[in-house]
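Chains as they are written, first to last, in this note's numbering: chain E, 1426 to 1764; chain S, 1426 to 1764.
Just to be clear, a hint being listed does not mean it is correct.
Which copy is meant is left open, so a pair is good if it fits within one copy or across any two.
[Unchecked claim] Pairs of lysine to any residue residues, derived as SDA-like cross-links and limited to a Cα-Cα distance of at most 25 angstroms, are as follows:
1. 1573 <-> 1482
2. 1630 <-> 1760
3. 1737 <-> 1758
4. 1542 <-> 1721
5. 1737 <-> 1752
6. 1542 <-> 1531
7. 1630 <-> 1602
8. 1573 <-> 1588
9. 1573 <-> 1633
10. 1660 <-> 1613
11. 1737 <-> 1517
12. 1625 <-> 1459
13. 1737 <-> 1534
14. 1737 <-> 1762
15. 1737 <-> 1760
16. 1625 <-> 1506
17. 1704 <-> 1480
18. 1630 <-> 1685
19. 1627 <-> 1700
20. 1573 <-> 1517
21. 1627 <-> 1539
22. 1737 <-> 1748
23. 1660 <-> 1578
24. 1737 <-> 1749
25. 1630 <-> 1759
26. 1630 <-> 1435
Everything labelled a hint here was simulated from the structure, so no lab data went into it.
Quick caveat, the model's predicted, so the values are computed rather than measured.
Protein chains: 2
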Amino acid sequence: MQDSSATLPVILTGDRTTGPLHLGHYVGSLKNRVALQTTHRQYLLLADTQALTDNAHNPGRVRDNVIEIATDYLAVGIDPNQSTICLQSHLPALADLTLLYMNFVTVARLERNPTIKDEIQARGFGRDIPAGFLCYPVAQAADITGFKATIVPVGEDQAPLIEQTNEVVRRINRQAGVDVLPEAHALIPRVGRLPGINGKAKMSKSQGNTIQLSATADEIREAVRRMFTDPNHLKASDPGCVEGNVVFTYLDAFDEDHITVEDLKARYIRGGLGDSIVKKRLDDVLQALLAPIRDRRCALARDPGYVLQVVKRGTARAREITDATLRDVRAALGLFTLN
Amino acid sequence: MQDSSATLPVILTGDRTTGPLHLGHYVGSLKNRVALQTTHRQYLLLADTQALTDNAHNPGRVRDNVIEIATDYLAVGIDPNQSTICLQSHLPALADLTLLYMNFVTVARLERNPTIKDEIQARGFGRDIPAGFLCYPVAQAADITGFKATIVPVGEDQAPLIEQTNEVVRRINRQAGVDVLPEAHALIPRVGRLPGINGKAKMSKSQGNTIQLSATADEIREAVRRMFTDPNHLKASDPGCVEGNVVFTYLDAFDEDHITVEDLKARYIRGGLGDSIVKKRLDDVLQALLAPIRDRRCALARDPGYVLQVVKRGTARAREITDATLRDVRAALGLFTLN
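Same shape as in the complex, but just chain E:
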């Protein structure tokens, strides 16, 4: 596979290992990754080092989710022969590149990064920002360039991080006098962020408003039952609102029969369609989507050695790639090499 894929465009993507993946991840990224792996050389980074930048006091959480997320990947259809699943903390060249790039990025520039600004506020760091958190965009530049990735799927709010990466790329190339690193492009998914089942903008396990990829049939049914609809739609005969109605948002995202969904919306708006009917449809759609994923997850859980082997093999392959990039960058800058 390595040889035939050598000329394919390179994608770097992945997840911080802070919790198992949910439906929001599926529709926002996992589904695309399964599609992209046949036409791209795709690296999936289990970002445990980055996860520590705001979980340093909870390393157990970061540890426990490494295999969880790798299992999620395999369960949704990531093929380890087409995609490379690898563990960030075990790719030392990424740490070396981070330290090297940190000399080419000022503290003032990092403080101006809009994503960092927002996240510092969201996490309530205030003045006590860990240095690792402030510098994580540089670590991300190391991740992306370490694989010489040119395509990076990100949410719209993360586009400034790709800009930061490309600034590093241009500075290194200028210093080296040669284009040793390629610039990367953000691939922003057409589907926006999936709201939590309670209608909150963000799915979060701590808020209990997610549906995990590992959810049982009962958990799915219960989540759909509790799902936020139109609070003013009290009787089936009342006209209802589909804007901000989570059941319809989910049907838009998961029901592939768009004509029927549009028809349901029209009936709901007009009045005469009860929540229980649309919820029943969504339940059917989600049960059909998640049952095979859950089954594969169960099979994988019975063979944890296999998942570990996948991560080991992927990390070994990724180590060759990232070590080679570090050597390339050091050589291009004219740094000392002991060989």
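Put chain S on the given structure of chain E with help from the hints.
This is chain S only, laid out in the frame that chain E set:
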């Protein structure tokens, strides 16, 4: 040697690879290192990664001084069977530890570090501090703890860096619930900083006020001839001043016959002793000190493969030590290990 020295106290020291070493380094550190290597397990770090934190735009300078400094070490009497000479950029565990520790140190704490404050001013960084420079105390904590060193020879102005290291040590140990890392102690040399030959407080190659360890006999003679004395001591018969008189400062540092030096000082203060007499004595002392160092340097320069081998072997040994520390720290924190 490794086995018998396993119980000796561990010293970490070294130099940024930004220029060849001079007499100031000899009296301030190299001489002590030669003495300490028999009673300590001593690691000498060729700090090329740290050198880049303020030389990112001059990587050639950092590269060219790796072998220069290793040669200086061997020339002054560092025994590679007693001390381990190793190259920082080729010890990836140090970069990994740096990124890990950065999650336990706030940006505000780094900005308060008095050494960093002074150095930011000295280098004229202003607001444009590279992130790598701001974070270099964390990298230094990684260097020290990577070797589990308990003794770190530093200048008085660098004591805050050891305090920063120990803060990291205590935070990691507290998070781990076990003393996985030892605290370090600063070893501050009794001899203060040697002034430049022009009387300026700091020896610096760019100011042309140094005497390199590789200086020829003529260069030494010329440097002593130009050396700053007492500008009011115009005739031999005039009373002279020994305070701030570089020739006497150097005699104090290098002439082992302290009684004769005290006698010369008394005569100089009284009047009746010409600069040329004391300069002649200093020239004799420095020629005797530097001739064998220069000879060994010449011999080593004829065998560059030997110096490279010393650095390679030392780096391989240091890699085992630092990789083991990274494994220890990750295990103590309960992080994921792919093994």
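Consistency of the hints with the structure:
In this homomeric assembly, residue 1573 and residue 1482 come within 25 angstroms of each other (Cα to Cα) only across copies, at 23 angstroms, whereas the closest approach inside a single copy is 32 angstroms. In this assembly of identical chains, the alpha carbons of residue 1630 and residue 1760 lie at most 25 angstroms apart only when taken from different copies (21 angstroms versus 46 angstroms within one copy). For the identical chains of this complex, residue 1737 and residue 1758 are inter-copy neighbours only, at 21 angstroms across copies versus 31 angstroms inside a copy, given an alpha-carbon limit of 25 angstroms. In this assembly of identical chains, residue 1542 and residue 1721 lie within 25 angstroms of each other by CA distance neither inside one copy nor across copies; the values are 40 angstroms within and 56 angstroms between.
Taking the shortest alpha-carbon separations for residue 1737 and residue 1752, both the intra-copy value of 22 angstroms and the inter-copy value of 17 angstroms come in at or below 25 angstroms. For the identical chains of this complex, residue 1542 and residue 1531 are neighbours both inside a copy (15 angstroms) and across copies (15 angstroms), given an alpha-carbon limit of 25 angstroms. Proximity of residue 1630 to residue 1602 under the C-alpha cut-off of 25 angstroms is found in neither arrangement, the shortest distances being 47 angstroms within a copy and 28 angstroms between copies. Taking the shortest alpha-carbon separations for residue 1573 and residue 1588, only the intra-copy value of 15 angstroms comes in at or below 25 angstroms, while the best inter-copy value is 39 angstroms.
Taking CA atoms no more than 25 angstroms apart as the test, residue 1573 paired with residue 1633 passes in neither setting, with 38 angstroms inside one copy and 44 angstroms between copies. In this homomeric assembly, residue 1660 and residue 1613 never come within 25 angstroms of each other (Cα to Cα): the closest approach is 39 angstroms inside a single copy and 82 angstroms across copies. Both within a single protomer and between protomers do residue 1737 and residue 1517 lie at most 25 angstroms apart by alpha-carbon distance, with minima of 15 angstroms and 19 angstroms respectively. In this assembly of identical chains, the alpha carbons of residue 1625 and residue 1459 never lie at most 25 angstroms apart, being 27 angstroms within a copy and 66 angstroms across copies at closest.
Taking the shortest alpha-carbon separations for residue 1737 and residue 1534, neither the intra-copy value of 36 angstroms nor the inter-copy value of 38 angstroms comes in at or below 25 angstroms. Taking the shortest alpha-carbon separations for residue 1737 and residue 1762, only the inter-copy value of 10 angstroms comes in at or below 25 angstroms, while the best intra-copy value is 27 angstroms. Taking identical chains as interchangeable, the C-alpha atoms of residue 1737 and residue 1760 lie at most 25 angstroms apart only when they sit on different chains, with a minimum of 16 angstroms there against 30 angstroms within one chain. In this assembly of identical chains, the alpha carbons of residue 1625 and residue 1506 never lie at most 25 angstroms apart, being 37 angstroms within a copy and 65 angstroms across copies at closest.
Taking CA atoms no more than 25 angstroms apart as the test, residue 1704 paired with residue 1480 passes in neither setting, with 37 angstroms inside one copy and 63 angstroms between copies. In this homomeric assembly, residue 1630 and residue 1685 never come within 25 angstroms of each other (Cα to Cα): the closest approach is 31 angstroms inside a single copy and 79 angstroms across copies. Taking the closest pair of Cα atoms, residue 1627 and residue 1700 come within 25 angstroms of each other only inside a single copy of the chain (23 angstroms); across copies the shortest separation is 80 angstroms, beyond that limit. Taking identical chains as interchangeable, the C-alpha atoms of residue 1573 and residue 1517 lie at most 25 angstroms apart whether they share a chain (16 angstroms) or sit on different chains (20 angstroms).
Only within a single protomer do residue 1627 and residue 1539 lie at most 25 angstroms apart by alpha-carbon distance; the minimum there is 19 angstroms, versus 42 angstroms between protomers. Taking identical chains as interchangeable, the C-alpha atoms of residue 1737 and residue 1748 lie at most 25 angstroms apart whether they share a chain (16 angstroms) or sit on different chains (18 angstroms). In this assembly of identical chains, residue 1660 and residue 1578 lie within 25 angstroms of each other by CA distance neither inside one copy nor across copies; the values are 42 angstroms within and 79 angstroms between. Both within a single protomer and between protomers do residue 1737 and residue 1749 lie at most 25 angstroms apart by alpha-carbon distance, with minima of 18 angstroms and 20 angstroms respectively.
Proximity of residue 1630 and residue 1759 under a CA criterion of 25 angstroms is satisfied inter-copy only: 22 angstroms between copies versus 47 angstroms inside one chain copy. For the homomeric pair residue 1630 and residue 1435, neither the shortest alpha-carbon distance inside one copy (31 angstroms) nor that between copies (47 angstroms) is at most 25 angstroms.
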